[in-house]
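Read top to bottom, the protein sequences are chains B and R. Per the numbering used here, the very first residue in the first sequence carries number 6; after that it's consecutive. Per the numbering used here, the very first residue in the second sequence carries number 6; after that it's consecutive.
Just so you know, these hints were derived from the structure itself, not from any lab. Beta carbons: idealized from backbone N, C-alpha and C, even for Gly. Hints are supplied without guarantee of correctness; some may be wrong.
Unchecked claim - Taking beta-carbon pairs under 7 angstroms as the criterion, some of the chain R residues facing chain B (in silico): (1) Val47; (2) Ala66; (3) Ala69; (4) Asp149.
There are 2 protein chains.
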Amino acid sequence: MIKDVTVHDVRFPTAEAGDGSDAINRGDYSATYVEVITDSGVTGTGLTFTNGRGNEITCAAVRALAVHVIGREPEEVAVTSITADPQLRWLGPEKGVIAMAAGALINALWDLRARQAGKPMWRYLAELPAADLVDSVDFGHISDAITPGEAREILEQGAIGYGDRLARLENEGFPAYTTSVGWLGYPDDKVRALTRQAVADGWRAVKMKVGGPLDDDVRRAGIIRGELPPGALLMMDANQVWDVDQAIAAMGRLAAFDPYWIEEPTHADDVLGHARIAQAVAPVRVATGEVAANRVIFKQLMQAGAIRVCQVDACRVAGVNEVLAILLLAAKFGVPVCPHAGGVGLCEYVQHLAIFDYLRIGRSLDGRMIEYVDHLHEHFTDPVTVVDGRYRLPARPGYSVEMKPASIAEFRFPDGPAWR
Amino acid sequence: MIKDVTVHDVRFPTAEAGDGSDAINRGDYSATYVEVITDSGVTGTGLTFTNGRGNEITCAAVRALAVHVIGREPEEVAVTSITADPQLRWLGPEKGVIAMAAGALINALWDLRARQAGKPMWRYLAELPAADLVDSVDFGHISDAITPGEAREILEQGAIGYGDRLARLENEGFPAYTTSVGWLGYPDDKVRALTRQAVADGWRAVKMKVGGPLDDDVRRAGIIRGELPPGALLMMDANQVWDVDQAIAAMGRLAAFDPYWIEEPTHADDVLGHARIAQAVAPVRVATGEVAANRVIFKQLMQAGAIRVCQVDACRVAGVNEVLAILLLAAKFGVPVCPHAGGVGLCEYVQHLAIFDYLRIGRSLDGRMIEYVDHLHEHFTDPVTVVDGRYRLPARPGYSVEMKPASIAEFRFPDGPAWR
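So that you can see chain B by itself, here it is in the shape it has in the complex (with noise of 0.2 angstroms):
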């Protein structure tokens, strides 16, 4: 039986170096910290990631969504409960700080249920039958474009040649791409520097930040090219700035360096606008999804052929089910999920989903990558491991985003010693 949630307020003073900063984004790389506990003594754990401020907004709404969860047990939790709250749907409904504390809750009841298996949560993923997969997503508003039987097809499909792509996994790890050289606030000599050492370390993909003036992403753009080998990719990441019309001028110039995607090219909400920038600024692939909302934008953004790539986040949507629809519209649409990562373990949890996603659902490498942002790793008690540009597969019970407790301690907010 669910004891209690605790929530804690964990934020990162990361504002001051620059790291993470973009063209919209400068703050505290923040978590609103989950415990699920359980009578049994297995603890679940989740978190949502924010960006400093408002960290409390979201602690808030995870004590507000516990009701559903607290005296309950695990297994009889229905999602829906929490996700479709008669009172709290109206403070999204499905987006913004409710969907993303749900997702933070969710994911730690996953957690625990993975660790109850002794199961990293790929493989506790990857070997749940069909069935209880496709009965864990809810079909609300996508039904249009996928039904269950479909979903159930494909996963079917997914057991097929399952031991071969996990034996190559074992051997390879998982493609990787690095966003650690290129942020906005980074000067130029740290650019070059961060990118040499990218590709000292053996990554052949990297992703700078663009979105400022633009004639500084032109300079900064032929810095990292000049830096990387021949074929290596690099992809270039908007962060929402630009309006439509400004994104496709913009590609016009930064076309010359070759980017592999344009990520995040206007706003997030934006799938007619993202459609005409994908027509525009072709061949050139483009890339959203780290601050898409739900399912439904999802679903428009492959129904509209407006991206190429998915970068689906673990917590912003409402966690593991509402991932697992994304996952089955990108198989049935065909488009290469790419995983948003970096800020506060989110690299720890997605790996477990483009694992599982290879495994199960989109069955293929062909572009696929995890993204990878070489901080804050050290607070968490299973870390992710990078090994030349490819994450290998993490071993160990759960969801990976347990938080050191001396590192809660800490960080804590307002109360721990590094804020006061």
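Assemble the complex: chain B is given as a structure, and chain R must be docked to it using the hints.
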């Protein structure tokens, strides 16, 4: 100078009576009530409507945003400092809790300005120079649909015939419809009696909730249509409960009752879904907007031809500035605006928006109606006046959402006597 921002969590126990019950939402009508306190002695008031539990979350969000306001002169507050805060934006972006909180706070700033000018909000807005109104709008991410120059032209056109339109409203009032007859929680007899009473009270346009079992919807539609005189309008509201194909099928049966519009036929984020439904159910109009998150969603609904009625809410989006953007988009695309009301104080708010829109932007009453719901008006110091199914022009300075101190004290959660 703004000395302080106070926030009250006010909740009315409406859930028990079934008032406000629809296919998705059942709650205690609540308000995040905001006072912007100045050293000049004038206080601006704003609120955002929520649905019971979770009102503490929007209260927390207002407190987080207040940093951009406290210590400033009212006229020097940049609204984008609130809506594009580089840390808090992540929690939306521009949607859900953080947008609703911004709505309450920004509306309070506008209330303050109108009070200082000694004018009701509709008049204050209608008498502003076109350039000032244009400067109030964030054209970011909508410039592909409307430019500042086009907006200015619309507003300058709006000065022509202004006096005639004002005289007409002073004589006739503003057309309205009532939603009080057909909440899903009401038994048939109550629905019949309420409809009969509404007709006796002069209403010629009424709205019913649908989205329960379809046979029940059909039966209730028959009861209401049977009580209405010839030519009266019957609107239907599904509150997002249907999937796209379900909506089309349901309207196939409900069309027999000659609905004027179908409101929220599917998920509020589903622009493409609304567009498909709009094509399928014509000539029945598709209406939506009460939970449409921001100007970017409205832009797309209009670009896609997905709506023929724009039901903007006064505080779901980020306040007067965001509403202005949406009214201008509606004018550009020729979509009539029928604002969403009901809830707590929404009728009080939106009367100003509809009147301003008619006087200065839309310039027509054709297809324009303000929603009316007859509850909770007694808690406001300047409640709406509706006579023979029409809103009379509010005359007192401000935005009309100031609550009586006794009501705040009685219904404040959790410490007010109503909740103890």
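Would you pick out the hints that fail for this structure and give their numbers low to high?
Those not satisfied come down to hint 1.
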